[in-house]
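Work out the full structure, taking the sequences as your base and the hints as a guide.
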Amino acid sequence: MTDAPTEKPFFATKLATPPRLADAVSDVIATALFDGRITPGDPLPSEGEIAREFGVSKPIAREALRQLSGVGLIQTQRGKVARATAITGEPLDRIYGYAVRSSLTRLREANEMRHLFESGIARLASERRAEKGVQQMAKAARAMREGLGKAEQFIEADIAFHLGMAEATGNSMIRMQGEGLRSVQREVSELFSRRSNRTAEDWDRTVARHEALYAAIRDGNVEEAVRMIDDHYKAADIASFEVADQMETDDDD
Numbered sequence: 160m161t162d163a164p165t166e167k168p169f170f171a172t173k174l175a176t177p178p179r180l181a182d183a184v185s186d187v188i189a190t191a192l193f194d195g196r197i198t199p200g201d202p203l204p205s206e207g208e209i210a211r212e213f214g215v216s217k218p219i220a221r222e223a224l225r226q227l228s229g230v231g232l233i234q235t236q237r238g239k240v241a242r243a244t245a246i247t248g249e250p251l252d253r254i255y256g257y258a259v260r261s262s263l264t265r266l267r268e269a270n271e272m273r274h275l276f277e278s279g280i281a282r283l284a285s286e287r288r289a290e291k292g293v294q295q296m297a298k299a300a301r302a303m304r305e306g307l308g309k310a311e312q313f314i315e316a317d318i319a320f321h322l323g324m325a326e327a328t329g330n331s332m333i334r335m336q337g338e339g340l341r342s343v344q345r346e347v348s349e350l351f352s353r354r355s356n357r358t359a360e361d362w363d364r365t366v367a368r369h370e371a372l373y374a375a376i377r378d379g380n381v382e383e384a385v386r387m388i389d390d391h392y393k394a395a396d397i398a399s400f401e402v403a404d405q406m407e408t409d410d411d412d
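Mapping of the sequence shown onto my numbering: residues 160 to 412, in sequence order.
It is worth saying that the hints were derived from the structure and are not from the lab. Hints are not guaranteed to be accurate.
[What the hints assert, rightly or not] Using 30 Å as the maximum straight-line C-alpha spacing, the simulated BS3-like pairs for lysine-lysine come out as follows:
no., residue 1, residue 2
1, 393, 291
2, 239, 217
3, 298, 239
4, 309, 298
[Unchecked claim] Computed spacing ranges between beta-carbons, pair by pair:
no., residue 1, residue 2, range
5, 389, 201, 36 to 46 Å
6, 368, 279, 10 to 20 Å
7, 271, 368, 12 to 22 Å
8, 194, 218, 19 to 29 Å
9, 390, 218, 52 to 62 Å
Don't be surprised by glycine CBs; every beta carbon is placed ideally from N, CA and C.
Here is the structure:
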């Protein structure tokens, strides 16, 4: 009589002794997701299989999967196996979206954060010039020019441009953070694009700034790219005061 063959462990990692076992289990699974051993769409082992492999209870395995689902790394559905999802900045995007819609103060803070973040992005993007991102910027700049005076088309192109800039760094974590800031950019862009006093010349200057920023990154002109980002946000700061004044006037009516 022979012993049954031993199944090969899925994760092949022994747990340390953490304050919470569920945290340790979710950390190991998340590592497998980030290093590509589990790719988007792949099924994960069942709760029972995870529990056996890690030597924990089913409730611990269930809690670990719940944590991963809560941050958008896996998709769970009652009665079906959990599956890996594409790793994006969507969870951050939802959080920032709630924040910037809560008050003008939070919106200003978020735009200040974007300025600091994108100054670094502009520098790195112009040094590395990852082809996919540079091409996305070029396409978005053309779409902005074609969308002059058309708020919704312009806003979508504006968002795509800044995501392209993050992509041009060649850094997946920066790309993810850029995706997480989409709701901030959308809120800012919608407010500024729909200002009642926005002229055709104002629209054109905004596009020209983006075109100049694209050219600086495409050509590897680091200092010019950083200067263009600073100019871009100076213009945004001026516009934000106009928006604030309008909003306060509306509230007083």
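Which of the stated hints cannot be reconciled with the structure, identified by number in ascending sequence?
Per hint list: single violation, 3.
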